[in-house]
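Let the sequences and hints guide you as you build the complete structure.
Listed in order, the protein sequences are those of chains F and E.
According to the working numbering, the first sequence holds residues 11 to 201 in order.
According to the working numbering, the second sequence holds residues 406 to 729 in order.
None of the hints are false.
Result set (DSBU-like, lysine-lysine): computed pairs, CA atoms no more than 30 Å apart in a straight line:
1. E/725 <-> F/148
2. E/698 <-> E/687
3. E/430 <-> F/148
4. E/629 <-> F/148
5. E/605 <-> F/148
6. E/687 <-> E/659
7. E/629 <-> E/446
8. F/159 <-> E/601
9. E/654 <-> E/568
10. F/47 <-> E/430
11. E/659 <-> F/159
12. F/148 <-> E/586
13. F/148 <-> E/590
14. E/446 <-> F/148
15. F/148 <-> E/659
16. E/601 <-> F/148
17. E/590 <-> E/545
18. F/47 <-> E/654
19. E/595 <-> E/446
20. E/698 <-> F/148
21. F/177 <-> E/659
22. E/654 <-> E/687
23. E/605 <-> F/159
24. E/659 <-> E/629
25. F/47 <-> E/698
26. E/629 <-> F/47
27. E/605 <-> F/177
28. F/159 <-> E/595
29. F/159 <-> E/654
30. F/47 <-> F/148
31. F/47 <-> F/159
32. E/725 <-> E/430
33. E/687 <-> E/586
34. E/595 <-> F/148
35. F/177 <-> E/654
36. F/148 <-> E/654
Just so you know, these hints were derived from the structure itself, not from any lab.
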Amino acid sequence: MMNDRAGQLMHDNAEELANLLAQASGFAPQVAAAANKISNALRQGNKLLACGNGGSAADASHFTTEFVCRFNKDRRPYPAISLAAHGGDLTAIGNDYNFNDVFARQVEAFGRRGDVLVVFSTSGRSENIRRALLAAAKCGVATISFLGKDGGTCTGLAEVEMLVQSKTTARIQEMHQLLLHTVCELIEEQL
Amino acid sequence: MAKQIIVTGAAGFIGRNAVCELNAKGYRDLVLVDTLGRDEKWRNLRNLRYEDIVSPQAFLSQIDGGRFADIQAIIHLGACSATTERDADYLLENNYHYTRRLCEFSLSHGIRFIYASSAATYGDGSLGYSDEDEVTATLKPLNMYGYSKHIFDLWALKSGALKQVAGLKYFNVFGPFEDHKGDMKSVVAKAYRQIKATGKVQLFRSYNPDYADGEQMRDFIYVKDAVAVTLAFLEDPQANGLFNCGSGKARTWKDLVTAVFHALGAPVNIEYIEMPEMLRGKYQYFTEARMEKLHAAANVAPFHSLENAIADYVETHLNKLEQE
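Structure (structure tokens):
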């Protein structure tokens, strides 16, 4: 009985993902633009910042790790900071100011002209992500967004936007992983 | 002594933003030229630093009398900008003859001259939105405002003045300090008010089968980007000619007001209403500035996206105005 249900779910989810994967090459221009922005910034000695909430927080940390450690090849490390990883900063800003500012305030603290901010939001409706993008624009930090659903209130705020048009959060996150890995692969070829 | 910069229309929308940016760049020796009338335009002057302010007529007599001996540049943004103004003689005098006198004065005194033309010169858009000189000569503006701007462009083209001055055809400019403009305010400012008052925004329904309701498109440019373009021509006196000043990317009314809802954290609620009969025939469904000529001639930073611009406008200006 459990096996049947598992089989059914695996089939449905794989099919839903396959439909999204079939459109993946449509993201080529944004993937190329994102990779260019990041590799140019890193080459010039600038850094990468990333943020997201929940599963997207994990994606943000996953992404920065590919730079601080490595993706495929053995190469020098590059500066990349996940803004979703430091419990002290997150709880202090959330507690003293507002949870909506947890990322924006860190962008103001760490972001310098020439840096790049990468955000993940499967709904595009996270106010703390929207504010992070606005703060980045004010600091001269370039912006890349991984979004889902209809892009929500984050629509149009990033210079490079990858919008996975699905209603299922899990599938959006799976697509975000494919996109972020491809961005990393391209960057590593360029660095 | 630093050379003086004259800004006409300085209390107006683009003028006020230009003076503010000049101040930020360290320019202090500014003479503002404008009339303040009886509306709230004077408020735009608060927080600006300048040497003097004179009326347009006084400015003319003063330059004729040689009082301004050390002018570096005239940024001529002043005009009657109401597309509904019916007094054609007034528009002719104010927008064409006055501009021509300032331009001739500038050319004979080696002064940098930058002036505002308008996207209204393109008329119904059937001839496209190219700022190339061959196209300029053929344009047919729909209203007297557009025509008054066009006559000057034509004179500047024919007389050769355009080889030594810079003209800018501003598209749909929006942003801080347009509050005094009443009905000529941008839809961003109007949508902000509507959302605050009723929680929804009214947009005209489409009467063209190629465009869904709210999908009619315009070239919207943030005033901060329009000012950056304008001042790029101050910094590079060799960049001359007539140029479009738009974003180069047409966006829908729906995108525009959606961004206002997002900036206010309010749920998107758009109501489509019938357009008055008299507007339907003249209504433009698509405007988009060709920007190749400008980008080849001037060095300007990347523009704000529509959404970033609206978020900035709402946070830095409209919300504060609300509290005032």
